[in-house]
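Engineer: Residues per chain, in single letters:
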Amino acid sequence: MPDTHITPQMLDVVGLELRSATSFPITDSDIRRWAIAVYYPEPAPRLFWDAEYAAGTVHGGIVAPEDFNPFAWLTQTEADVGVSARAQGGFGPEESLGLPAPATTAIINGGTEVEYGARMRPGDVISSSTTLGAYKEREGRLGLMLFTITVDTWTNQRGETVKTSSGTLIRY
Amino acid sequence: MAVDRNTVTVGTELPAFVRTTGFHNWNRYAAVNDEFVPIHMDDEAGRAQGFPGAFGMGNLMWSYLHNLVRDWMGDDGRIVAMGSSFRSPNLRDMTIEARGTVTAVRDENGERLVDLELAVVDHDDPDKVLVPATATVALP
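Protein chains in written order, with my numbering: chain A, 88 to 259; chain B, 72 to 211.
Bound conformation, chain A alone (with noise of 0.2 Å):
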């Protein structure tokens, strides 16, 4: 059993980026389908689909659920670089900024965190960049485990943070 999994190379990235992609514009349509499959098999809050309606409320016309994900279906960066992110996926956030993965065999999700701020509208285009926020070591039940948390900052094309997102990865 090692004494700790976090290395001084993994000290030294901490705070670097790990991936960024940039949004296509949402359309109405994006976050009228959103909420029909998330809302499914009741109807969807009119806020979502229905632009007279969302034109009175306090948004001023329609916004997207909280919830909705513009990162879907190929981003900008996606199609700029011609590669999926898909392709490259199964990387922990190590193997991303070159170093190795640390010497452990279990991976959980444990869980996130989220701060919402502007809402996302139709014609929005979202950048989302995720960076390695800090390691954190326990002994627990299993054996050493090392908590890594991700943070992943969305902003909107007026720069205005749509959401941050903290994730935490255990892994033993």
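Derived from the structure by calculation, the hints contain no laboratory data. Computed from a predicted model, the values in this text were never measured in an experiment. Glycine residues also receive a C-beta, built at the ideal position from the N, C-alpha and C atoms. Accuracy of the hints is not assured; some may be wrong.
Among the chain B residues that face chain A by a calculated CB cut under 8 Å, a handful are [said to hold, decoys possible]:
1. Phe94
2. His95
3. Arg99
4. Tyr100
5. Asp105
6. Leu131
7. Trp133
8. Ser134
9. His137
10. Ile150
11. Ser156
12. Ser159
13. Pro160
14. Asp164
15. Leu210
16. Pro211
Where chain B lies over chain A, by a calculated footprint (3+ residues, C-beta under 8 Å) [claimed, not checked]:
17. 150-163
18. 190-203
19. 223-235
Put chain B on the given structure of chain A with help from the hints.
Structural biologist: Just chain B now, with coordinates in the frame of chain A:
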């Protein structure tokens, strides 16, 4: 009908968001999130992972938690923050229930902020928590 913020106190329960889930829900979600993963599409792939069959997307339960809160607040409410972790899969034909209870109410910068304890549970075995979660919302 949105909740009247003046009636919200610690212990107030949100009306549950309930769905009986299976391929009808999951295929629609796969179609919008481009999430075509065998464990969500094929009972055989689910069994290969040690489950009774196919199971739903964790992200769809995340959406259900948002729906729960949104349906309660109305369109003018704001989700300030939400956090969750996935504990147990949403098996096919399971009826799942997203629930919430108010744990704190406070006024900050002119907004009425409400903290919520949330969970997605198995409707037939409500002690079984699939997704524990928390949220903070601003009521209009």
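Engineer: For each hint given before, does the structure comply? Return the numbers of the non-compliant ones in rising order.
Structural biologist: Violated: hints 1, 12, 13, 14, 15 and 19.
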